[in-house]
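Number of protein chains: 2
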Amino acid sequence: MPLGECELSVTLVVQKYGGTSVADLDRIRSVASRVKRQVALGDQVAVVVSAMAGSTNQLVGWVHGLDAAGYDTAEYDQVLASGEQVTVGLLAIALQTIGVPARSFLGWQAGFRTDRSHGSARILEIDPAPVRECLAQGKVAVIAGFQGISPERRLTTLGRGGSDTSAVALAAALGAQRCDIFTDVDGVYTSDPRIVAKARKLDRITYEEMLEMASLGAKVLQTRSVAMAMQHQVRVQVLSSFADLPGTLVVDEEEIVESQIVSGIAYSRDEARVTVLGVSDRPGVAAAIFGPLSDTGINVDMIVQSVSRDGVYANLTFTVSRADLPRALAVLERARAEIGYEAVGADADVCKISVVGVGMRSHTGIAHKMFSTLAAKGINIHAIATSEIKISVLIGEEYTELALRALHTACGLDRD
Amino acid sequence: MPLGECELSVTLVVQKYGGTSVADLDRIRSVASRVKRQVALGDQVAVVVSAMAGSTNQLVGWVHGLDAAGYDTAEYDQVLASGEQVTVGLLAIALQTIGVPARSFLGWQAGFRTDRSHGSARILEIDPAPVRECLAQGKVAVIAGFQGISPERRLTTLGRGGSDTSAVALAAALGAQRCDIFTDVDGVYTSDPRIVAKARKLDRITYEEMLEMASLGAKVLQTRSVAMAMQHQVRVQVLSSFADLPGTLVVDEEEIVESQIVSGIAYSRDEARVTVLGVSDRPGVAAAIFGPLSDTGINVDMIVQSVSRDGVYANLTFTVSRADLPRALAVLERARAEIGYEAVGADADVCKISVVGVGMRSHTGIAHKMFSTLAAKGINIHAIATSEIKISVLIGEEYTELALRALHTACGLDRD
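These protein sequences, in sequence, are chains A and B.
Read in order, the letters of the first sequence are residues 808 to 1223 in the working numbering.
Read in order, the letters of the second sequence are residues 808 to 1223 in the working numbering.
Treat the hints with care, since some could be wrong.
[Said to hold, decoys possible] Distance windows between CB atoms, simulated:
| no. | chain 1 | residue 1 | chain 2 | residue 2 | range |
| --- | --- | --- | --- | --- | --- |
| 1 | B | L832 | A | R1168 | 51 to 61 Å |
| 2 | B | I905 | A | A1137 | 28 to 38 Å |
| 3 | B | G906 | A | S1194 | 42 to 52 Å |
| 4 | B | D934 | A | P1000 | 36 to 46 Å |
[What the hints assert, rightly or not] Far from chain B by the CB rule (all over 10 Å, computed), these chain A residues:
| no. | residue |
| --- | --- |
| 5 | D879 |
| 6 | G896 |
| 7 | R1143 |
[Claimed, not checked] Away from chain A, derived, C-beta distances all over 10 Å, residues of chain B:
| no. | residue |
| --- | --- |
| 8 | A899 |
| 9 | L931 |
| 10 | Q1038 |
| 11 | H1039 |
| 12 | F1049 |
| 13 | R1143 |
No lab work stands behind these hints, which were simulated from the structure alone.
Bear in mind that the values here come from a model prediction, so they are computed numbers and not experimental data.
Yeah, the Cβ is synthetic: ideal placement off N, Cα and C, and Gly gets one too.
Put together the whole structure using the sequences plus the hints.
So, in structure tokens, the structure goes:
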């Protein structure tokens, strides 16, 4: 490669492969071939990889086998970080055997400095110099995702979805033209294709939309990585490591030429509804309810307050994540005297459905279309929440599929 | 522990556990209990561990599965070093669960600096500060053996027996009172107890004797670690991690109060005999034979030259390791014209038997006793080699057991 004369025009691409893409030697070879194709285009390539599928679970299983709770998270990280160490070395070797110069980096070797929150560390800074030097030597840099090093020079792991975050952060630090996230789906869809047969793959989606989709259970990209991509304006592509097709590009709103009003319909079954009945309608009562929940680390999402006809008593409905429901009920029970309520009701069989689209900022009428579509199907709405680019409703879980398909059609998203 | 008032009298012990001792969670728990017993004596304890038995083989298998030969040894080290990373984290957690404060260190975190000979790196220096600090805090330091970091800050592994070497080197750097090597045998014996039923466990053995025993196939301790212990005067104890008995102490000659003339009878089947027949007896002929062998990296051990009666032609017999025999024969074939010989003979069915003991420095007569004992059993000697503390003979392999037992008895080593 005549790097000297056209250095400025070399494209730098970060690729990320998850655990299923490097699950065995055959798949590692297949990843190596894919990296080679990118290199053949004349691009500089940095590859971020996860541990082999299953290996992290085995390591976690060993730690839990010794100490089911309360183990030292710094030691947990020491054990877990060994997983990616294996795959980076193996992928570097697989690349070398097909004639692609490569070298591997552990998180700390690639300059990933994190805070000391072992098990869910945050990246503070990346020193891109070692990886840059490797790329400048015409080599592929293979980097262990999910890990970094604390100020005390102990190994840290980034927690769930950490490898996506590693890849996006590295792309930002290197000023890469693109960050390709290879996964087992081939892109972001207008809705879950397992439920909505007419769902279409999106060519492009904005960071804001992706954030809403990600946090609402369209588990293609982790929320953290999308937020980081948005912050640093990293162009992220989600695509399949098993097919050879373009995926979905996650980009800034300005890059979306022809924007749909609605981009997708997301859903989350990870919800539970709590209703506090017969609360006296006085100042400070909301604080009396939500204060103790917040102190216990329970996130409250949709909130609806309905006042009775005499204006003295109110009912308060809100949602928490399904996993938090038992704890939320216990907190309310303990705070009963302080809050002063008649009864508490709970329902875990609910689903949150969200219509998402940046076009909703400038177009009205989507809320009306959403409510009337659901009403026409006889679906009752328990709660509503809105943001600039999203309307969410809480409905009975058994209506999930019906609601998704009806809204997908009503919003004009169906594939021809 | 009232460290403040008796700091100088605190004993520092390095323990080393091999792969079979940490092969699963139960064994790791058992190692933790053993460490706890040492801590309960008031000692500071640094523990060096290997990877779980089998894990290194799996990692090597993956590397070979991608590239059977010629792989990048730096990447091989990256993959292999993950093995001890798992065990140090797990052992630290196992210690914490039984109330023993502990933290783990990878090779580089514990200050193991090596050269850049990936796959068989040499330790250049150990910065003992991080481990010292950990011990001073009243914690057990759990250190990954077998690994270090190169001047380029890439991970290195020390090759075969590396964890023993790590432990001894650390003991030297820390100025430890003792380095306990836990293994699956309970000490060093006067001969191989599987062959010589009357073999006795030695309470003490000198470094020099241990070196001869180790290099001669008594595979209790790796030669490198013994040499390092001798150089830095580290008291090494070999003992079983499965029994609760004192083992064998490897110490300086001065510490041996009542020395036997002969300490043990070692043997090695890893030998092959080569005979070059009809070489002209002129100056430089030995160089013509051994030069090309040495250039090819083949070690030559015992050498016997016999001159024919007319003094013109000689026969040259020497030994090489059995694995090197095919290459040695190929080298001789290629150098035939230059050397000028009639024929080459080879015999892989040979065994080297050695009588070892520092007492031989001041006592004569052992050689005579050895030769006459073998002669009485009808065993022919093909070659002889001696050092200050050792006499070795090469015999037919089928006589191995007979010779070992006869010499063991003749040297007065039999257990009562």
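To see whether the hints hold, each was checked on the structure:
Restraint check, B/L832 to A/R1168: a C-beta distance of roughly 55 Å satisfies the suggested window 51 to 61 Å. Taking the beta carbon of each, B/I905 and A/A1137 are about 33 Å apart, inside 28 to 38 Å as hinted. Taking the beta carbon of each, B/G906 and A/S1194 are about 50 Å apart, inside 42 to 52 Å as hinted. Between B/D934 and A/P1000 the CB atoms are about 56 Å apart, so this pair departs from the stated range of 36 to 46 Å.
The Cβ of A/D879 sits about 6 Å from the closest Cβ of chain B, inside the 10 Å cut-off, so the non-interface label is violated. With a least beta-carbon separation of about 4 Å from chain B, A/G896 fails to lie farther than 10 Å from that chain, contradicting its non-interface assignment. For A/R1143, the requirement that its beta carbon stay farther than 10 Å from each beta carbon of chain B is met, with the minimum near 38 Å. Listed as outside the interface, B/A899 is inconsistent with that label: its C-beta sits roughly 5 Å from the nearest C-beta of chain A, within the 10 Å cut-off.
Distance to chain A confirms B/L931 as a non-interface residue, since its nearest Cβ pair spans about 19 Å, more than 10 Å. Against the 10 Å criterion, B/Q1038 stays outside the reach of chain A, whose nearest CB is about 30 Å from its own CB. Here B/H1039 stays apart from chain A, with its beta-carbon at least about 27 Å from theirs, past the 10 Å limit. Listed as a non-interface residue, B/F1049 keeps its Cβ farther than 10 Å from every Cβ of chain A; the least gap is roughly 20 Å.
With a cut of 10 Å on Cβ distances, B/R1143 stays outside the contact zone with chain A, its closest approach being about 38 Å.
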